[in-house]
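Trainee: One letter stands for each residue in the lines below.
There are 2 protein chains.
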Amino acid sequence: MLNKIKTPKDLKKISETELPQLCDEIRQTLIQKISVTGGHLGPNLGVVELTTALHYVFNAPVDKIVFDVSHQIYVHKMLTGRARAFTDPKHYHDVNGFSNPNESPYDLFTLGHTSTALSLACGLAKARDLQKQKHHVVAIIGDGSLSGGQAYEALNNIAEQGGNIIVIVNDNEMSIAENHGGYYRNLAQLRASNGQAENNFFRALGLDYIYEPNGNDVHALVNTLTKVKDCTTPTVVHVHTVKGFGYEPAMRNPEAFHFTAPFDLTTGQTNPNNSVNYVQITSEYLTAHMRQDRCLLTVTAGTPQAIGFNASARQQVQPQFVDVGIAEEHAVAFIAGAAKGGAHPIFGVQGSFLQRSFDQLHQDLSLDHNPATLLLFGDHAHGMGGATHNGFYDIVELGNIPNLIYLAPISKQSYLQMLEWSIAQNAHSVAIRVPDAVIDDPLPIKKFTINARIISQGAQVAIIAVGSAFPLAQKVVSELQNKGLNPTLVDPVCVSQLDEKLLTAIAKNHQLVITIEEGALQGGFGQKVAAYYGDTNIKVHNFGFSKGLTQDFIPADLLKQNGLTVANITKYVLTHC
Amino acid sequence: MLNKIKTPKDLKKISETELPQLCDEIRQTLIQKISVTGGHLGPNLGVVELTTALHYVFNAPVDKIVFDVSHQIYVHKMLTGRARAFTDPKHYHDVNGFSNPNESPYDLFTLGHTSTALSLACGLAKARDLQKQKHHVVAIIGDGSLSGGQAYEALNNIAEQGGNIIVIVNDNEMSIAENHGGYYRNLAQLRASNGQAENNFFRALGLDYIYEPNGNDVHALVNTLTKVKDCTTPTVVHVHTVKGFGYEPAMRNPEAFHFTAPFDLTTGQTNPNNSVNYVQITSEYLTAHMRQDRCLLTVTAGTPQAIGFNASARQQVQPQFVDVGIAEEHAVAFIAGAAKGGAHPIFGVQGSFLQRSFDQLHQDLSLDHNPATLLLFGDHAHGMGGATHNGFYDIVELGNIPNLIYLAPISKQSYLQMLEWSIAQNAHSVAIRVPDAVIDDPLPIKKFTINARIISQGAQVAIIAVGSAFPLAQKVVSELQNKGLNPTLVDPVCVSQLDEKLLTAIAKNHQLVITIEEGALQGGFGQKVAAYYGDTNIKVHNFGFSKGLTQDFIPADLLKQNGLTVANITKYVLTHC
Chain A
1 MLNKIKTPKD
11 LKKISETELP
21 QLCDEIRQTL
31 IQKISVTGGH
41 LGPNLGVVEL
51 TTALHYVFNA
61 PVDKIVFDVS
71 HQIYVHKMLT
81 GRARAFTDPK
91 HYHDVNGFSN
101 PNESPYDLFT
111 LGHTSTALSL
121 ACGLAKARDL
131 QKQKHHVVAI
141 IGDGSLSGGQ
151 AYEALNNIAE
161 QGGNIIVIVN
171 DNEMSIAENH
181 GGYYRNLAQL
191 RASNGQAENN
201 FFRALGLDYI
211 YEPNGNDVHA
221 LVNTLTKVKD
231 CTTPTVVHVH
241 TVKGFGYEPA
251 MRNPEAFHFT
261 APFDLTTGQT
271 NPNNSVNYVQ
281 ITSEYLTAHM
291 RQDRCLLTVT
301 AGTPQAIGFN
311 ASARQQVQPQ
321 FVDVGIAEEH
331 AVAFIAGAAK
341 GGAHPIFGVQ
351 GSFLQRSFDQ
361 LHQDLSLDHN
371 PATLLLFGDH
381 AHGMGGATHN
391 GFYDIVELGN
401 IPNLIYLAPI
411 SKQSYLQMLE
421 WSIAQNAHSV
431 AIRVPDAVID
441 DPLPIKKFTI
451 NARIISQGAQ
461 VAIIAVGSAF
471 PLAQKVVSEL
481 QNKGLNPTLV
491 DPVCVSQLDE
501 KLLTAIAKNH
511 QLVITIEEGA
521 LQGGFGQKVA
531 AYYGDTNIKV
541 HNFGFSKGLT
551 QDFIPADLLK
561 QNGLTVANIT
571 KYVLTHC
Chain B
1 MLNKIKTPKD
11 LKKISETELP
21 QLCDEIRQTL
31 IQKISVTGGH
41 LGPNLGVVEL
51 TTALHYVFNA
61 PVDKIVFDVS
71 HQIYVHKMLT
81 GRARAFTDPK
91 HYHDVNGFSN
101 PNESPYDLFT
111 LGHTSTALSL
121 ACGLAKARDL
131 QKQKHHVVAI
141 IGDGSLSGGQ
151 AYEALNNIAE
161 QGGNIIVIVN
171 DNEMSIAENH
181 GGYYRNLAQL
191 RASNGQAENN
201 FFRALGLDYI
211 YEPNGNDVHA
221 LVNTLTKVKD
231 CTTPTVVHVH
241 TVKGFGYEPA
251 MRNPEAFHFT
261 APFDLTTGQT
271 NPNNSVNYVQ
281 ITSEYLTAHM
291 RQDRCLLTVT
301 AGTPQAIGFN
311 ASARQQVQPQ
321 FVDVGIAEEH
331 AVAFIAGAAK
341 GGAHPIFGVQ
351 GSFLQRSFDQ
361 LHQDLSLDHN
371 PATLLLFGDH
381 AHGMGGATHN
391 GFYDIVELGN
401 IPNLIYLAPI
411 SKQSYLQMLE
421 WSIAQNAHSV
431 AIRVPDAVID
441 DPLPIKKFTI
451 NARIISQGAQ
461 VAIIAVGSAF
471 PLAQKVVSEL
481 QNKGLNPTLV
491 DPVCVSQLDE
501 KLLTAIAKNH
511 QLVITIEEGA
521 LQGGFGQKVA
531 AYYGDTNIKV
541 HNFGFSKGLT
551 QDFIPADLLK
561 QNGLTVANIT
571 KYVLTHC
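Just so you know, the protein sequences line up as chains A and B, in that order. Residue numbering for the first sequence is 1 to 577, as defined by our numbering. Residue numbering for the second sequence is 1 to 577, as defined by our numbering.
These are computed hints drawn from the structure, not numbers from a lab. Quantities reported herein were computed from a predicted structural model and do not represent experimental measurements. Among the hints, a few may not be true.
Copies of the same chain look alike in the list, so a pair counts if it fits in one copy or across any two.
Calculated pairs, DSSO-like style, for lysine-lysine (alpha carbon to alpha carbon, straight line, at most 30 angstroms) [stated by the list, open to error]:
(1) Lys571 - Lys539
(2) Lys12 - Lys447
(3) Lys539 - Lys501
(4) Lys539 - Lys508
(5) Lys501 - Lys560
(6) Lys508 - Lys571
(7) Lys229 - Lys508
(8) Lys501 - Lys571
(9) Lys447 - Lys90
(10) Lys6 - Lys227
(11) Lys90 - Lys13
(12) Lys483 - Lys12
(13) Lys134 - Lys6
(14) Lys134 - Lys560
(15) Lys501 - Lys447
(16) Lys90 - Lys6
(17) Lys508 - Lys475
In isolation and in its complexed conformation, chain A is listed as follows (with noise of 0.2 angstroms):
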């Protein structure tokens, strides 16, 4: 049946009565691709009848169906004329896991971060409105995503708007691990009512409220939607889903299969990643010291796995692990708090995600010098991808703060050295860029200083190399010397701010700069070189990503694309010398 669904046309020319088996063949197609490419599996299994449903009762594109956070979309996808992308194994890869406007009309934005869709929605609503239009606009949010301030701040002006929106609540019980925050609570209360509590979170922000208990049959969705689909006011229709629904390895562990590896189909085992990793070094760390000082304290903002505590490792240090919920803004201005308070925080985030807190990080916690450590993960050249999931920008957001200090570990040593240090000291906000390569520092370790460190002296020409580019500038000093050059090699160590003391001492006895960065090059660590020696005779050449380089891609393409090659940084200073 699904692949003769080329748009959702044909979706409403089946009867209701063969919804069920669709939603089946729907299931099992889910299973079979996300078994064999990985992806975010329990999400998408829990909404295979509200989005059939959605499409059955809804006439998208005319009506607009945003969907928050985008990795429940898979469904959407196949009922909207990309279902060989999961028929086919040939065609896995002719989509991306998110909402994706390059893909198809019936995806109305790039979305990747939580909370944002009841703003989208809101904002559309209010577009039909202005044009005297009259389609309906509908948004779909998980229970997890809930916690982001921005999904209240929409709910609140969605209220104030009025008119026809449909704000779906998904609640499977779940964020990525378990939920956490007041507002849960209520929707216990309101599932365990029926709908019925005595306190109604979205009634009392002045939104219509009904409560579909079958989250999972497509019926009773058929007829829910049905019913509030030419609502007059913003109605939210709050839907109790199982993540993981019809997948007995999901259901079980949730968590786990919220976004999975490839998978054996029978035993819905991953292959186990035997590989020595930062998230694995940092959890050790992070644990152990959580034992001997009691007010060392651990923050996460709804993705504790990605720090490396799962349910067990959380347990172990409590009270001192906190989840404060998908709720980014918070968690830095708590952490501020905290560090202020006498506590010292730490809080794990990946690097996109941390852009929530801009603000708060510029503001709370950095202007008065609070001493809290973040650490910034993954996603730097070689972590998950994607146009929302990059973290290329870090070094531009957290380098520019004022008082904030970012350090850019090149080696396991420096970066256990950099975390003691951060969380011993009480005089400054600091950030660290954790890289993705496990690797030996070069150096005997001696005390930590924010002073950049030449690895080896050479001169003529100096190679600056940031973080995790420090590999790549190694294999291009060996090449260099084999061409007869005898290259300098600088780690920064610190990149939100310059050591001058160093730079002035290179321009002796060098004529060419190179800096190496794995991120953003406008308004990155490479241009303060640039700018610094800007009116000397010393050249300097940045190397790192253009900016707008934001779409889906493949790591070692991006590198190469941007010309962060032995090859092509060789050349340019063989030419250049």
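Starting from the known structure of chain A, arrange chain B on it as the hints suggest.
Mentor: What follows is chain B alone, placed relative to chain A:
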């Protein structure tokens, strides 16, 4: 009485029966001082009794008291050793208008942006509990600040964390202008029902709740605060106060007296400001165009007056004017949605508040090139100063976001042309850095392009002056001409990308390029120019503000400290040419 209170301990020596008299003295002192200096009159008059009661009941600084946004902190300053700065005109400027740890250990954080106090308090309480300390933690937040999503994120975490945290909601039925959003209806229901409304937003989040209707009665407040003081679970105290209480003109016109210029004590009249300014130019332009284009939509996040729309102006352009409340994250995603839906949204905002929207600017607005326009007002060098409100980081923030076009007009004509172009086009997300001084363009304006403009062609040295720095650059050029040089003067127009064609052309007959921007140097526009010329023979020097310069400042001093003077720049050029 006031002058005898050196610390809150002295306050506690006063008998409770004398507190109303003290409050009266505080109130008259506030009115007197602010009539001379200007300031946040309305918010402070409303919390005279609340602040007095807080310090009477709690034991700061052992107990931690955090004022959200902190423009209502004047009374707190009076009661914590800084009364002279209010009673003695010679000392009026000893204190600033916000929470300031440099002034006093009773001020825990430098605060100026809304909706952060609950997160900070939550962090303070967590640190207390980890250290097994016993003090109380109190946060005071206004009803207007409750629209900010971070406040909701914090309420969620506070409910889950538990323990003694007292959240005082100072409900004066207003934001800066009228309140907006669904939660506000719930506050009204709670007031009307003496706290007994059917749905209770705070209880829905799992917080204990108590309503105090008499928020300007110091006895009632002492009584209520004493009752909740030792609560063992987080408790919201919803206090109903009157903004501007006790000064008739402020009660009659609370929006105008939220922040006032110096005024006549008897009449409440301020000196009319008849100078032409961009706020007025913008609101006139938008009002006229909204009448002609029903898809044109003006958006504010709680500061309508700051973009020139008073209550009657707002009324005139309904439904094309939306105040989303203090909710900058939502505002940016909302305009992204509205743009996608076919409207032409304009979001006017003060520069430093837009920091709250960094992620939404990056992902929701710019990634998909949604064609909305942002107007960044004031604060670049001559606007409202202080650590929290300066707008020096706008070029760093907006100039480095992929796809976003950030324009910096040098003149009224240039500004209006940019605005017209931005509204008419459908391909780009655009932001405009509204300058301070209204000046005429030195050249006749042709059709708008984002290419840089050569204002006067010379040789040897080129000066590229960003937006509001243009008048300074003109004076430098004139001075250099007196010294026999003939500099080229360039208006870069766009600061988010370089006009490489023009820069290449300049390279032919210039040896030195000077950039001037009233903004942070690190990550700013000038560094892009320096990097562009990095490996050429062109020398580049950037003039702008040092990173970290975030304390209170006087604009002229700031420019001088950073070398942005005619004499200094001229001298630099003469020395290096």
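Trainee: Hint by hint, say whether it matches the structure.
Mentor: Going through the hints against the structure:
| no. | hint | result |
| --- | --- | --- |
| 1 | Lys571 - Lys539 | both (16 angstroms within a copy, 24 angstroms between copies) |
| 2 | Lys12 - Lys447 | neither (69 angstroms within a copy, 50 angstroms between copies) |
| 3 | Lys539 - Lys501 | both (18 angstroms within a copy, 21 angstroms between copies) |
| 4 | Lys539 - Lys508 | both (13 angstroms within a copy, 18 angstroms between copies) |
| 5 | Lys501 - Lys560 | between (33 angstroms within a copy, 25 angstroms between copies) |
| 6 | Lys508 - Lys571 | both (24 angstroms within a copy, 26 angstroms between copies) |
| 7 | Lys229 - Lys508 | neither (73 angstroms within a copy, 65 angstroms between copies) |
| 8 | Lys501 - Lys571 | both (29 angstroms within a copy, 25 angstroms between copies) |
| 9 | Lys447 - Lys90 | neither (54 angstroms within a copy, 50 angstroms between copies) |
| 10 | Lys6 - Lys227 | within (26 angstroms within a copy, 65 angstroms between copies) |
| 11 | Lys90 - Lys13 | within (28 angstroms within a copy, 82 angstroms between copies) |
| 12 | Lys483 - Lys12 | neither (68 angstroms within a copy, 80 angstroms between copies) |
| 13 | Lys134 - Lys6 | within (25 angstroms within a copy, 64 angstroms between copies) |
| 14 | Lys134 - Lys560 | neither (48 angstroms within a copy, 58 angstroms between copies) |
| 15 | Lys501 - Lys447 | within (19 angstroms within a copy, 48 angstroms between copies) |
| 16 | Lys90 - Lys6 | within (18 angstroms within a copy, 78 angstroms between copies) |
| 17 | Lys508 - Lys475 | within (25 angstroms within a copy, 36 angstroms between copies) |
Violation of the numbered hints given earlier is confined to hints 2, 7, 9, 12 and 14; the remaining hints are satisfied by the structure.
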